Amino acid sequence: MITRGAIDCDIHPAVPNTEALLPYLDDYWRDQIVNRHIHKQSFHLQSYPPNSPLSCRPDWRPKDGPPGSDLDLLRAQTLDAFGSSIAICNTLHGAISLFNEDMASALISAVNDYIAREWLDREPRLRASILLPLHNPDLAMKEIERLAADNRFVQVLMPVMGEMPLGRRVYWPIYEACERHGLTVGVHAGSTYRTSPTAAGWPSYQVEDYIAQSGSFENLLLSFIAEGVFQKFPALTLVCIESGFTWLPTLLWRINKTWRGVRAEVPWLDRPPADIIRERVRFTLQPLDLPKDDPQKLARTLEHIGSDDLLLFSTDYPHWQFDGDKVLPDGLSDAMIAKILVDNPRAAYPRLREAQGAAPTQYKEAVP
Amino acid sequence: MNIPVRDVTAAQKLMIIDCDIHPVQRVKSDLAPFMEARWRDHMATFGGHIRQGLWAGQNVYPRMMAGGRRKDAFPPGGGAPGSDLETMQKQHLDTNGVEVGMLIPGNGSGFEERNLDYGAALAHAVNEWQLEYFVRKEPRLRAGLVVPQENAAAAIKEIELRAVDRSFSQVLISPRANEPLGRARYWPIYEAVEASGLPLGQHNANINGGHPSTGSGWPTYYMQEHYAFLPHQQAMVVSMIMEGVFERFPKLKVVSIESGYTWAPALGWRMDKHWERMRKEVPHLKRPPSEYLREHFWYTTQPIEEPDDPAHLVEVIDWIGWDRMLFSTDYPHWDFDDPRYAIKFKMTDKQKAMMYRDNAKALYRLS
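Read top to bottom, the protein sequences are chains L and B. Per the numbering used here, the first sequence starts with residue 1, numbered consecutively. Per the numbering used here, the second sequence starts with residue 369, numbered consecutively.
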């Protein structure tokens with residue numbers, strides 16, 4: 001199979017239910033969660049309703065439990081099916097949507113520990129992202145510091161839509177910690193719905209919200225560029241996960257043109273923003289927002305983007321982005337496929353470069 | 369962008385239809401004669417009531433020069449750029465060979481007003497003011513029929529009052545509305561627009577309708593706010609299509625003004641892809657979303673994109689359809705596109721004629 005040895009940069013394991021997190025909570029939070037019946041909540045996100053066609057491919061749906069909650073299925077349906085050598089777990093857990101930041105961070109820590117113990121310990125091909133509580137950068141920092149010694153965590157994970165644009169300076173301590181630890185900054189589609197997902201207001205339909213994810217990634221890149229995140233943290237890589245990428249040519253053209261007119265406002269930008277994006281931002285492959293049966297459009301779009309370095313292989317398992325084994329689009333050269341499958345992911349994740357050939361640090365050793 | 373007033377008087381070979389010109393009042397009280405006494409008082413005493421921290425007429429994202437206007441476009445007799453017909457004629461209409469120019473009044477025209485009755489009074493006054501100060505004196509100009517989209521009754525009244533007047537080229541609403549523009553509360557307006565036969569123009573706006581300019585809150589810099597028009601306009605397009613507006617109003621034509629256009633093909637691909645999975649949620653759509661996009665939307669060109677390789681832009685316009693492109697300058701704003709220099713790619717004579725003139729001629733009632 002053509003994808004053998006690939007690094008899959010976006011798969012979604014799920015916590016089967018909230019009771020599964022109880023062993024990873026301290027006494028206070030275990031009492032709180034149980035007494036208040038919070039463990040009866042599923043913590044499914046509004047961005048991914050569990051029965052929606054978006055959230056699970058029909059033939060990947062487990063008999064029991066939410067999509068992505070069964071490790072054996074995940075092994076068979078994605079790791080073995082595509083021959084991936086490594087797959088990065090991005091756990092989209094609803095605790096990020098809570099307003100109580102103490103509760104949110106306790107649950108998020110439990111999710112991260114659950115993933116390390118129940119998934120990473122049991123499957124050596126898996127790596128994971130550290131889900132962050134963004135309510136308070138101090139809490140996010142503590143979570144990074146708590147887990148950074150475990151090299152199986154290769155990036156941090158944030159939703160593209162939250163309380164504030166993610167380039168804002170209030171978040172910079174997080175990026176400083178990421179840079180220091182060699183963690184990539186992963187931003188995934190999804191919203192905590194603190195505000196309407198579009199500037200036009202609250203859409204009626206879930207399909208509109210999903211389409212609007214790409215627009216939020218556009219605004220994310222503007223935020224990172226305009227605030228100067230990449231200038232301040234020269235070793236940091238940003239990965240846009242499940243963002244789509246066929247919208248990128250417009251952004252690259254427009255951001256350079258606007259910058260020429262308004263550069264006095266952002267004097268720290270010392271070169272055209274599109275060049276900075278091509279150097280420092282990466283995009284996972286799925287979803288491929290392209291017309292069917294027209295591989296020429298992909299080739300032309302990649303030409304407009306002007307770089308072969310930007311795409312990272314992903315299946316987006318178990319989300320329904322493609323059928324059968326058609327994870328790669330037609331019209332890619334062998335050289336480009338090799339870059340997408342392995343070279344680009346290795347370049348995007350410092351911890352995958354270091355881990356090459358070496359046994360990953362064991363969770364139990366790393367976390368006291 | 370900000371070049372000095374030229375003395376060029378030689379006849380231009382290329383005549384253009386400029387689909388985005390911004391007029392503004394010399395002073396706000398220019399609108400007073402077109403208002404009832406009650407609203408004249410209101411304007412003088414209270415003024416605008418909008419959704420931002422700075423009182424009406426100010427920018428919470430200050431522009432890089434001269435309040436966002438061309439510094440060379442200030443009329444010699446005072447007032448803001450765009451407030452004086454003679455300056456506009458000399459500097460733009462005559463010099464740049466403008467055969468027809470579409471007036472697009474902006475902020476302060478009632479779209480964003482929280483007091484809905486005052487919004488209706490403003491829109492009515494702005495329409496009269498365009499006729500009085502510009503269109504009756506200058507046959508090359510057409511007024512935009514401004515309607516307060518949050519006040520459907522007033523909007524319909526205004527449309528019915530003016531639809532027969534050929535001084536007006538299109539109905540204007542703000543895409544920065546209280547709700548996404550596809551939602552049913554706006555359909556009575558679309559019914560009136562469709563009946564009028566006029567296109568529906570949407571110029572992206574700085575003043576919000578109740579929602580931050582990104583799905584993740586407020587940006588910091590004008591650089592971001594300026595870009596946010598694009599994702600916003602895409603969301604507006606998605607809303608109108610996914611709600612089924614064009615199934616209900618098959619003759620409705622929408623002009624997306626100063627909101628970008630190179631995003632249209634990729635948005636069509638994205639809509640089709642995810643609609644295919646989610647179509648049970650929107651069973652009222654009879655066709656792939658990209659087909660509605662192709663049939664019902666037009667785009668003004670300014671600010672024209674400038675890829676390193678201009679041929680890339682030609683490809684994207686091929687995908688959009690040359691028949692949907694409407695040349696615009698955005699006079700007298702800072703990022704004005706000069707019709708002689710703005711377009712860096714090669715066009716066939718036919719493409720040139722379509723973009724500069726023929727498409728607008730066919731879309732607007734310009735004979």
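Calculated from the structure, these hints are not laboratory results. Hints are supplied without guarantee of correctness; some may be wrong.
[Stated by the list, open to error] Straight-line alpha carbon distances no greater than 20 Å define the calculated EDC-like cross-link-like pairs of lysine to aspartate or glutamate that follow:
{"no.": "1", "chain 1": "B", "residue 1": "Lys458", "chain 2": "B", "residue 2": "Glu404"}
{"no.": "2", "chain 1": "L", "residue 1": "Lys257", "chain 2": "B", "residue 2": "Asp706"}
{"no.": "3", "chain 1": "B", "residue 1": "Lys648", "chain 2": "L", "residue 2": "Glu265"}
{"no.": "4", "chain 1": "L", "residue 1": "Lys257", "chain 2": "B", "residue 2": "Glu467"}
{"no.": "5", "chain 1": "L", "residue 1": "Lys292", "chain 2": "B", "residue 2": "Glu683"}
{"no.": "6", "chain 1": "B", "residue 1": "Lys525", "chain 2": "B", "residue 2": "Asp485"}
{"no.": "7", "chain 1": "B", "residue 1": "Lys718", "chain 2": "B", "residue 2": "Glu467"}
{"no.": "8", "chain 1": "B", "residue 1": "Lys439", "chain 2": "L", "residue 2": "Glu265"}
{"no.": "9", "chain 1": "L", "residue 1": "Lys257", "chain 2": "B", "residue 2": "Glu683"}
{"no.": "10", "chain 1": "L", "residue 1": "Lys292", "chain 2": "B", "residue 2": "Glu659"}
{"no.": "11", "chain 1": "L", "residue 1": "Lys292", "chain 2": "B", "residue 2": "Asp686"}
Here the structure is a predicted model, which is why all the values come from computation and not from measurement.
Each hint tested on the structure:
no.	hint	result
1	B/Lys458 to B/Glu404	violated, 34 Å
2	L/Lys257 to B/Asp706	holds, 15 Å
3	B/Lys648 to L/Glu265	violated, 46 Å
4	L/Lys257 to B/Glu467	violated, 28 Å
5	L/Lys292 to B/Glu683	holds, 18 Å
6	B/Lys525 to B/Asp485	holds, 13 Å
7	B/Lys718 to B/Glu467	holds, 18 Å
8	B/Lys439 to L/Glu265	holds, 18 Å
9	L/Lys257 to B/Glu683	holds, 19 Å
10	L/Lys292 to B/Glu659	holds, 14 Å
11	L/Lys292 to B/Asp686	holds, 18 Å
Checked against the numbered hints above, the structure breaks hints 1, 3, 4 and satisfies the rest.
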